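There are 2 protein chains.
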Amino acid sequence: MSSQISARRLARDLGEWRSHRAAYLALADRVRVMLIDGRLASGSRLPAERELSSALQISRTTVAAAYAQLREERYLRSVRGSGSTLALPDGQRGPVQLTQELPLDFSKAAAAAYPGLPAAYQFAVEQLPHYLSHQGFDMQGLPELRSAVADHYSERGLPTTPEQVLITLGAQHALSLLTHTLHSPGERVLIEHPTYPHAIDTFLAAGARLLAMPVTSAGGWDITEGQLLIRRSAPSLGFLMPDFQNPTGASMSVEDRQRLARIAAREGTVLIADETTAQLDIDRGPLPPMASFSSSIVTIGSLGKLAWGGLRIGWIRGPKDLMAKVLRNRPAMDLGTPLVEQLASIYLLRETQLMTANRSRELRGGRDFLAAELTEHFPQWKLQLPDGGMSLWINTGDISSSALALAARSEGLAIVPGPRFGLEGAFERFLRIPFTYSREDLKEGVGALLRASHTAGSIPSKLPLQAVI
Amino acid sequence: MSSQISARRLARDLGEWRSHRAAYLALADRVRVMLIDGRLASGSRLPAERELSSALQISRTTVAAAYAQLREERYLRSVRGSGSTLALPDGQRGPVQLTQELPLDFSKAAAAAYPGLPAAYQFAVEQLPHYLSHQGFDMQGLPELRSAVADHYSERGLPTTPEQVLITLGAQHALSLLTHTLHSPGERVLIEHPTYPHAIDTFLAAGARLLAMPVTSAGGWDITEGQLLIRRSAPSLGFLMPDFQNPTGASMSVEDRQRLARIAAREGTVLIADETTAQLDIDRGPLPPMASFSSSIVTIGSLGKLAWGGLRIGWIRGPKDLMAKVLRNRPAMDLGTPLVEQLASIYLLRETQLMTANRSRELRGGRDFLAAELTEHFPQWKLQLPDGGMSLWINTGDISSSALALAARSEGLAIVPGPRFGLEGAFERFLRIPFTYSREDLKEGVGALLRASHTAGSIPSKLPLQAVI
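Residue numbers (my numbering), protein chains in the order written: chain X, 1 to 469; chain C, 470 to 938.
Derived from the structure by calculation, the hints contain no laboratory data.
There may be inaccurate statements among the hints.
Unchecked claim - Pairs of lysine to any residue residues, derived as SDA-like cross-links and limited to a Cα-Cα distance of at most 25 Å, are as follows: (1) Lys-789/C - Ala-87/X; (2) Lys-320/X - Phe-606/C; (3) Lys-108/X - Ala-517/C; (4) Lys-320/X - Lys-789/C; (5) Lys-789/C - Ser-78/X; (6) Lys-789/C - Arg-74/X; (7) Lys-789/C - Arg-45/X.
Claimed, not checked - On the chain X side, residues computed to face chain C include the following (Cβ under 10 Å): (8) Arg-8; (9) Ala-110; (10) Leu-128; (11) His-198; (12) Asp-201; (13) Asn-329.
Nothing here was measured: the structure is a model prediction, and the numbers come from that model.
From the three backbone atoms N, C-alpha and C, an ideal C-beta is built for every residue, glycine too.
Work the whole structure out from these sequences, hints included.
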């Protein structure tokens, strides 16, 4: 399936693509970085030169030169009769592979494993013999694990029974299961803007039309806009990270939780509260879970951030009826959650307090160190110190984050530019930098960014700033 | 999302629903079993009584009585203004849960764990510390594991590099990833008929229109029909289990593999060869892998059947370019394969020969024992002894397998009726019985079927036999 990208869509998604470089090079740069970071799909076809030149209001010669440049660099292949097809040069296999090749990978907001992990897996292996005489397929989750997850919600003030919990292969898998259960192609989905890139991927893959509710590091959510969007467009789903939002680090106030829960319940929009980051508290303290404000709110969570990304256990917490529906849809996607992973998770959930304290200490150190480094080397960048989460969401002022991310690659650093977290080229002046790396790596990464910023240059000042700051 | 079932579709899918019971009870029975085994979705709305009576050419009183019966049993809820909605009574959560409640569960063709499994996980736990300093997210699979899978194909005469292998969360997950990558809603997919039920689920969830190529235990594949369907309807995908097909147990001849591979390559249909059952050989011996006949054929495999269902490791083997595309699509569904599962799999793949020999011995015993039991107690049933796989595919003559499965539930036995393996109510006179259970369980299961067959009664002889025998 190779798809045609329309000139209008490309013009919109390119965002502020101009730089200090010649226009054809700036255009080629932007297309290349969008291909590398996944905003444009390998195998899709670029619009005809004439159409793009008209959509961008630039000369056809410039577009032709940009395409020639991309062809020269092997990012574009021209096949007679089927136009110009985007392609990653051999050996470059999308963001995952690309970043693995670079010495420093700042593309993931995730940390090293909790030190108790080997003991958890050892426990799992010891328990295993009790389970081997069964066939092992487990679509719903072990009763002990579902109890442990339920208890963890009850302790946070949200009474929960094991029947309200379904164990999944991580929170992203949970989101995908929920989307396939609750959403039909063509329906609308409300997202935070910016939001987690792979949530956008999940909704777009399910044929959703996205509605963006702005959120900023300093100001939090534009709930009035969210209410308006829900009332006007009746989205089937809304996707939120109310605690230490990824990427902004913002936390939703109790009042805003109430307001959003109320309107969603009234209009029949199912809110999915993604709590994968909820336990990454540095200096905020607990807030009531989103789901405590309405029984129709569905929560997803996981052990990926708190324990380890190599442990793939997440869950859905919601109404019993919904769990039954998800369970029915699941076999079309996968046949269940591995038992050893579940057994290890039973052990780990007993150590939630220890894990949380351990992570909090690490995160505080990383956050403060990175903020100090950035303040020293990029005094013109604006950042709001978050009180939790795993990354800083930085306003880079007149530096284009796509250009910076591209230049950083030459310096050996993989980093995801701002627009990957938004729609239609937004957040070109924003950059997410995770602080979950060692001090050495953070120092080296900031150095690479500094060198890259000299190459990348600034966005021409005649261009308007993005609406969302 | 509650969907309306049209009278025409229901009439078609009901198949041969009449039994020796009064018509309204027979109709209620059939709807109930279709709800229980997943052919009808909980939450969907039945057609209006008048429409169904016209589609089935029976009196409206009969339909009304059937609906009343279902309502009485709490399988149907009538809400003013929104018709009659199917529902599983509280506590019944679809096939997975339902079967867990019964003493004997013959719904899965899967076996107990390979005895070497604890050692494999112990190995994994010992290797784990080398991986804990990384973030652990692994979308592609560990290089060592991909090498081991590649070697396993090369040894079978299909030269393979690690770049051609992507590790997944089991074969069903692999199928789902491939379907989302290679198929667009509305396109056609060629399936074997009968086939694995959850493959049907995956294709229907992706909006596919299915084309059925007949396959039988004794006669194998109707390749001429398959060729015709591919030529006429140009399906995007074809899904095959060429070795010990589930449920028929048939193996495709070398000549048929060649013929099918040739036409698919010519017409641009991507064939997916599901080899999850390929190593369940009892007395056949090796045949060349499907993919050795065309470089465009994609193979999926897993350790689920050979090692254990609680170990969720599968893979895709195909062209390098395709792996890159799948990798791009994967984050919309999940964020990777657990590392401990992968490490255990590296250990297990070294023992492939041992695992295969072990499984083969078990399967031979189970097959011969079950066949003898059935021949003794159901002399009128026709069965072809398969030379591999995990189940018998039995022609039950004039006994309706849906009625039998329903009656068996009262005897404490969960079993999947024939129509779950096909389209439009086909295979009502077929039953799949896995022989992977202990002799005690098999004996008890056959006893339960025998008692159930007295209650279930036979299909009235005036009805025509199914086309596919």
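Broken hints, numbered, in rising order?
Violated hints: 2, 3, 4 and 8; rest satisfied.
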